[in-house]
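Trainee: Read off the chains here:
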Amino acid sequence: MSMIFGVPLAVLSGQLLIGVINGAFYALLSLGLAVIFGLLKIINFAHGAMYMLGAMATVILFDVLGVNYWVALFLAPLLVGVVGVIIEYFLLRRIAGQDHIYSLLLTFGIALLMQGVLTNIYGVSGMRYSMPDLFQGGMNLGFMFLPYYRAWVIVIALVVCFGTWFMIEKTKLGAYLRAGTEDAQLMQGFGINVPLLVSLTYGFGVMLAAFAGVLAAPIYSVTPVMGSHILITVFAVVVIGGMGSIGGAIITGILMGVIEGLTKTFYPPASSAVIFLVMVVVLMFRPAGLFGKEA
Amino acid sequence: MSQSFNPADIQKAILEQQKIEDRKKMMLNGVLVLLLVAAPFVMYPVFLMKILCFALFAVAFNLLFGFTGLLSFGHAAFLATGGYTTGYLLSNFSGLTTEMGILAGTALATLLGLAFALLSIRRQGIYFAMVTLALAQLVFFFFVQSEFTGGEDGMHGIPRGHLFGLINLENNLNMYYFVLAVFLGCYLLVQRIVSSPYGQVLKSIKQNEPRAISLGYNVNRYKVLAFVISAALAGLAGSMKSVVFQLASLNDAHWHMSGEVILMTLVGGMGTLLGPVVGATFVVNVEYQLSQGALRDWVDPILGGIFILTVLAFRSGIVGEIQKFVKKNLG
Chain A
1 MSMIFGVPLA
11 VLSGQLLIGV
21 INGAFYALLS
31 LGLAVIFGLL
41 KIINFAHGAM
51 YMLGAMATVI
61 LFDVLGVNYW
71 VALFLAPLLV
81 GVVGVIIEYF
91 LLRRIAGQDH
101 IYSLLLTFGI
111 ALLMQGVLTN
121 IYGVSGMRYS
131 MPDLFQGGMN
141 LGFMFLPYYR
151 AWVIVIALVV
161 CFGTWFMIEK
171 TKLGAYLRAG
181 TEDAQLMQGF
191 GINVPLLVSL
201 TYGFGVMLAA
211 FAGVLAAPIY
221 SVTPVMGSHI
231 LITVFAVVVI
241 GGMGSIGGAI
251 ITGILMGVIE
261 GLTKTFYPPA
271 SSAVIFLVMV
281 VVLMFRPAGL
291 FGKEA
Chain B
1 MSQSFNPADI
11 QKAILEQQKI
21 EDRKKMMLNG
31 VLVLLLVAAP
41 FVMYPVFLMK
51 ILCFALFAVA
61 FNLLFGFTGL
71 LSFGHAAFLA
81 TGGYTTGYLL
91 SNFSGLTTEM
101 GILAGTALAT
111 LLGLAFALLS
121 IRRQGIYFAM
131 VTLALAQLVF
141 FFFVQSEFTG
151 GEDGMHGIPR
161 GHLFGLINLE
171 NNLNMYYFVL
181 AVFLGCYLLV
191 QRIVSSPYGQ
201 VLKSIKQNEP
211 RAISLGYNVN
221 RYKVLAFVIS
231 AALAGLAGSM
241 KSVVFQLASL
251 NDAHWHMSGE
261 VILMTLVGGM
271 GTLLGPVVGA
281 TFVVNVEYQL
291 SQGALRDWVD
301 PILGGIFILT
311 VLAFRSGIVG
321 EIQKFVKKNL
331 G
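Protein sequence lines correspond, in order, to chains A and B. Note that the first sequence covers residues 1 to 295 in the numbering used here. Note that the second sequence covers residues 1 to 331 in the numbering used here.
None of these hints come from the bench; they were simulated from the model. Please note that the accuracy of each hint is not assured.
Partial list, computed: chain A residues near chain B (C-beta under 10 angstroms) [claimed, not checked]:
(1) Ala-96
(2) Ser-103
(3) Ile-110
(4) Thr-119
(5) Arg-178
(6) Glu-182
(7) Leu-186
(8) Phe-235
(9) Met-279
Counterexamples of contact, computed for chain A against chain B with all Cβ distances above 12 angstroms [claimed, not checked]:
(10) Val-11
(11) Leu-61
(12) Leu-73
(13) Ile-101
(14) Phe-143
Where is the CB? At the ideal position from N, CA and C, for every residue including glycine.
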């Protein structure tokens with residue numbers, strides 16, 4: 001078997017694949033965070049909980065109503081998005097315009113509450129969700145085995161990420177959004193319903209997290225605490241990319257997944273810490289992050 | 001006779017007023033200290049020590065957040081570093097007296113605080129919080145994977161030993177008065193810091209950093225020093241905690257602990273001296289009472305609810321709200 005730097009090629013490419021998949025999740029989640037932070041200046045500590053909610057909803061919808069994967073892919077994010085809009089309307093709106101720190105503390109409380117309640121109902125042991133039949137198996141690429149589902153996750157995550165980036169940076173709706181957060185009063189004057197826009201933006205950011213949750217349901221263990229584990233890593237990704245930078249979040253997310261995968265191959269003990277290490281190094285040289293603007 | 005507006009008189013009146021208020025405060029503090037001294041005869045000393053350790057942790061955090069305006073989301077790292085260091089030293093070197101172990105834990109937490117501060121000081125507000133969070137996460141991973149911490153199981157059976165090689169700390173009452181003395185010392189220290197010219201600069205940084213810069217203060221140096229002092233006190237709290245419970249665990253390093261100390265400070269009243277103490281007492285009690293009753297499994301969601309409620313409705317916390325009430329109705 002061919003070796004690269006003393007590591008079998010199949011092992012290396014396997015870890016790289018896992019890295020790209022994790023990176024796809026990081027990208028989706030940090031993208032949602034970046035949208036919410038960049039446009040609303042809310043630091044959303046409830047983001048991990050929303051991701052968890054998406055995955056839990058997928059499992060529960062299947063168990064209770066027999067809703068299949070494809071319907072869940074639309075329905076679960078939609079439901080979580082509605083939850084997000086409700087949270088924005090009843091809670092976050094009250095602290096709009098105040099120190100960002102309050103949004104962090106408030107969403108942290110919301111996350112604790114949601115995670116705690118679901119833990120009491122469903123316990124912390126992982127729930128099972130079987131893969132749709134279409135994705136059983138995989139193909140042999142010669143140097144590695146690529147499961148179909150994993151390929152699908154990578155492709156769909158990239159499509160959604162790019163679509164979001166395109167919508168915010170290149171379309172008229174995106175322009176409204178960016179303008180509305182720059183100068184809400186002026187936009188109101190043009191007859192645009194800014195509070196509605198803000199609610200929908202939060203809902204959309206949260207939907208991205210829930211969408212990642214649905215994608216995660218067949219491959220990761222679905223538990224009420226799954227969000228709290230990934231959240232801190234995703235925050236590190238956002239800091240590395242530069243907070244509020246949409247493109248930065250996507251690129252950094254995938255990059256960090258790959259770096260993590262490589263570390264797992266060459267020096268496993270450091271794999272869980274490597275992203276935070278990268279963050280420290282990046283901050284020493286570029287305090288605003290790789291793609292962030294210096295404040 | 002016309003009324004005189006002699007500035008000297010006005011100044012005198014203000015000073016007089018201040019004296020009366022200071023005296024009131026002194027009396028309040030005196031009563032509180034007496035209560036603390038008498039408390040172990042009414043309540044279980046170990047529980048009281050738990051409150052004191054967390055109160056010290058919250059006081060340390062509040063120096064940074066409440067008075068300087070820097071939200072560190074990584075203070076668990078200092079608590080855990082203090083705890084693990086002291087635990088490791090006291091367990092492995094029997095010649096070491098307890099206070100030496102505690103001092104060593106505090107010293108290491110202080111150094112770590114310096115490293116954190118130098119790395120994070122260039123960022124502000126929310127970015128600062130994120131950086132400290134990630135740094136603390138690095139420390140967490142270090143403790144998870146190190147052999148000496150006992151990983152997920154934690155470090156057990158840390159000996160309490162003898163204070164100065166003389167006073168037996170296995171005795172709960174002796175231990176309690178030692179913890180109380182350290183706590184009061186630190187509380188007074190923070191009080192001194194806050195009311196000193198240095199503390200005034202910290203407050204001015206919190207209010208308006210650009211203004212402090214334009215007044216010619218080297219703001220970053222002040223912030224770094226505040227961070228280091230806060231980290232040192234947090235480390236001391238962790239060191240004492242590991243001696244009191246004879247245990248150091250990963251819980252103390254987890255980012256939830258960083259969140260909890262924020263909650264304590266916020267609930268008690270950030271930016272007030274007594275607030276964090278009241279907040280720590282409140283949160284530790286809520287956790288304890290809930291864990292005894294039927295709501296055992298609902299601690300986390302209830303804490304979450306308290307978080308939401310505090311941010312939305314009682315942002316100045318218990319002490320802050322009382323102060324406001326007193327000012328409005330009795331002042």
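Trainee: Hints first: check each against the structure and report whether it holds.
Mentor: Status of the hints after comparison with the structure:
1. Ala-96: At 12 angstroms from the nearest chain B Cβ, A:Ala-96 fails the 10 angstroms test, so the hint is violated.
2. Ser-103: holds, 8 angstroms
3. Ile-110: A:Ile-110 check passes; min Cβ-Cβ to chain B is 6 angstroms, inside 10 angstroms.
4. Thr-119: holds, 7 angstroms
5. Arg-178: It is violated, given that the least Cβ distance between A:Arg-178 and chain B is near 19 angstroms, above 10 angstroms.
6. Glu-182: Because about 19 angstroms separates A:Glu-182 from the closest Cβ in chain B, which is outside the 10 angstroms limit, the hint is violated.
7. Leu-186: With Cβ-Cβ at 25 angstroms, over 10 angstroms, it is violated.
8. Phe-235: holds, 6 angstroms
9. Met-279: Interface hint status for A:Met-279: holds (5 angstroms vs cutoff 10 angstroms).
10. Val-11: Correct as stated: the minimum Cβ-Cβ distance to chain B is 22 angstroms, above 12 angstroms.
11. Leu-61: At roughly 23 angstroms from the nearest Cβ of chain B, A:Leu-61 sits farther out than 12 angstroms, so the non-interface label holds.
12. Leu-73: Consistent with the label, A:Leu-73 stays out of reach of chain B, its closest Cβ about 29 angstroms off (over 12 angstroms).
13. Ile-101: The assertion about A:Ile-101 is violated, with a minimum of 5 angstroms to chain B.
14. Phe-143: At roughly 32 angstroms from the nearest Cβ of chain B, A:Phe-143 sits farther out than 12 angstroms, so the non-interface label holds.
Hints 1, 5, 6, 7 and 13 from the list above are not met by this structure, while the remaining hints are.
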